[in-house]
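Number of protein chains: 2
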Amino acid sequence: MTPMAYATREDITARVRATFDACPSQRLKEVMTTLVDHLHGFARETGLTRQEWLLGVDFLFRAGQISDAARNEFMVLSDALGLTALVELMEDADEERTPTNNLGPFYVEEVPTLPFNADLRGDRPGTPMLLRGRVLGADGEPIPGASINLWQTQHDGRYDVQVPGLDEYRYRGWLRTDPQGVYQVRTIKPVGYTAPMDGPVGQMLRATARSPWRPAHVHFLIRAAGHRPLITEVYPQDTPHLEDDVAFGPRAALVVAPVEVRDRDEGARVGLSVPFVKLEFDFKLSPAEPGSER
Amino acid sequence: MTPMAYATREDITARVRATFDACPSQRLKEVMTTLVDHLHGFARETGLTRQEWLLGVDFLFRAGQISDAARNEFMVLSDALGLTALVELMEDADEERTPTNNLGPFYVEEVPTLPFNADLRGDRPGTPMLLRGRVLGADGEPIPGASINLWQTQHDGRYDVQVPGLDEYRYRGWLRTDPQGVYQVRTIKPVGYTAPMDGPVGQMLRATARSPWRPAHVHFLIRAAGHRPLITEVYPQDTPHLEDDVAFGPRAALVVAPVEVRDRDEGARVGLSVPFVKLEFDFKLSPAEPGSER
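First to last, the sequence lines map onto chains A and B. All residue numbers for the first sequence refer to our numbering, where the first residue is 1 and numbers rise by one. All residue numbers for the second sequence refer to our numbering, where the first residue is 1001 and numbers rise by one.
Treat the hints as calculated values from the structure; they're not laboratory data. Remember, it's a predicted structure, so these values are computed and weren't measured experimentally. Treat the hints with care, as some may be off.
Straight-line C-alpha distance at most 20 Å; calculated SDA-like pairs for lysine to any residue [said to hold, decoys possible]:
1) Lys29/A - Met1204/B
2) Lys29/A - Arg1206/B
3) Lys29/A - Lys1284/B
Here chain A stands alone, though its shape is the one from the complex (with noise of 0.2 Å):
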């Protein structure tokens, strides 16, 4: 029998990298290699003991479990981790255009399409916001027939989902922009919540004395034909937890001043009662790279 090669503490990297040799796509094989490196440098560093990797382990195993379709605890994770802000900020390579932002767990495609101006605050409780702007291309045009997806949370900081036997969409829908590329909805001022605190993020959270605080905001995802889909949150500037936000979203660009209305006509012309406030945001395309449909 020839003598065989067994792992040793030294070579383990390199065995594990090299079983990514005959992968048969270039891009995995760098990604799969990379996180490798990174995972074993990881436990190298810090000397990862096995009763701490166990804890790993069942970190996420919990974070499994307490997953569900209206929930995804690894979102969050990568949230409070600041992946997900390094990716959003990495994807934005093209300064011109609105930085794009967290996309969060609590999107949803299949929402009704509303009117202009529609009226998602209903008689519930919040402090009337109107919502309104443009959405412009890159040369700065005004685009009409844009799609905006919009999500926000309800008065007590909660999004409809969120909700246990809420068996309607709240504050949120599919907006239109119109011949002049403007949307326009009336809503209430979304209000800023904590990551979930009841699983293994909440936990990691509170065991290293970090703010589980979100600032307010309000999600967006846009596709105009011709253009690159926006993915991005716009956060009044008067909301606490900018500069500690959990999930690490705020961009200097995405922060804007809400405006009080006094005005009565203004309130008349827009169907709210005065006073209310008002935010207004103007979103930038970029034009569709060929082929590309990110």
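Please build the complex by placing chain B on the supplied structure of chain A, with the hints as guidance.
What follows is chain B alone, placed relative to chain A:
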């Protein structure tokens, strides 16, 4: 309003690290900040796109959904990325004792205690095997009364807990060493198997053209008063995939040549019909570290 500092591509990693500044445990802080460094390093070096990141988050989500009390896909993932093997190799600072090895996902603590030379095989299929050896202390003296939790596959490469509807434990149990420090059990030769191929780790192994096989092995968890517990695996030398184990388990000191026994007298002494296979392995423990429980 004072100008605020938001995350940039350049400073996001330092910002995330800084959120752990107030962590009350220095060790947890070290582990988390090193994790952030390597997670971000992985994303930066690969230029990870949002689409790839989403695939990764979804991979972990699906790993969570397919996991349950009898299956921890994150353990399988750790094995397949060689993290488990690296941690075990780092645990082996004491090179005098038997090397530690992967615990794996199939350990059960609460199993029956078996008599000396128990028959685990009954009349079920499989190559009859006598498994015996000694448990020794650091200076080579036999340890009587050591507890050994042993578990292995049945003839088809599955563990008992993987067989749907099976309501008893098979090929596992607690053994105790006799006054000479000897353990002995009649079982079958363990059979190799693949990592589970119906989940995301299986999908990764297929996509990267990796071998999914583990070599045949018997698991042992050994406890003896005054000694560090030992978790390890023993591999018959004639099992395939010792060199390309998907979990990177085999070590030279854990691979042992099985002996074919044709001597009827020897068979009669242990209650086995010839021919059968004999696998002998002596375990060497190290003294318990004061105050340590690992």
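Results of checking the hints against the structure:
1. Taking the CA atoms of Lys29/A and Met1204/B, the gap is near 11 Å; set against the 20 Å cutoff, the hint holds.
2. For the proposed pair Lys29/A and Arg1206/B, the alpha carbon gap of about 13 Å is at most 20 Å, so the pair holds.
3. For the given pair, Lys29/A sits about 40 Å from Lys1284/B by alpha-carbon distance, which is inconsistent with the 20 Å threshold.
Comparing the model with each numbered hint stated earlier shows that hint 3 is the single one that does not hold.
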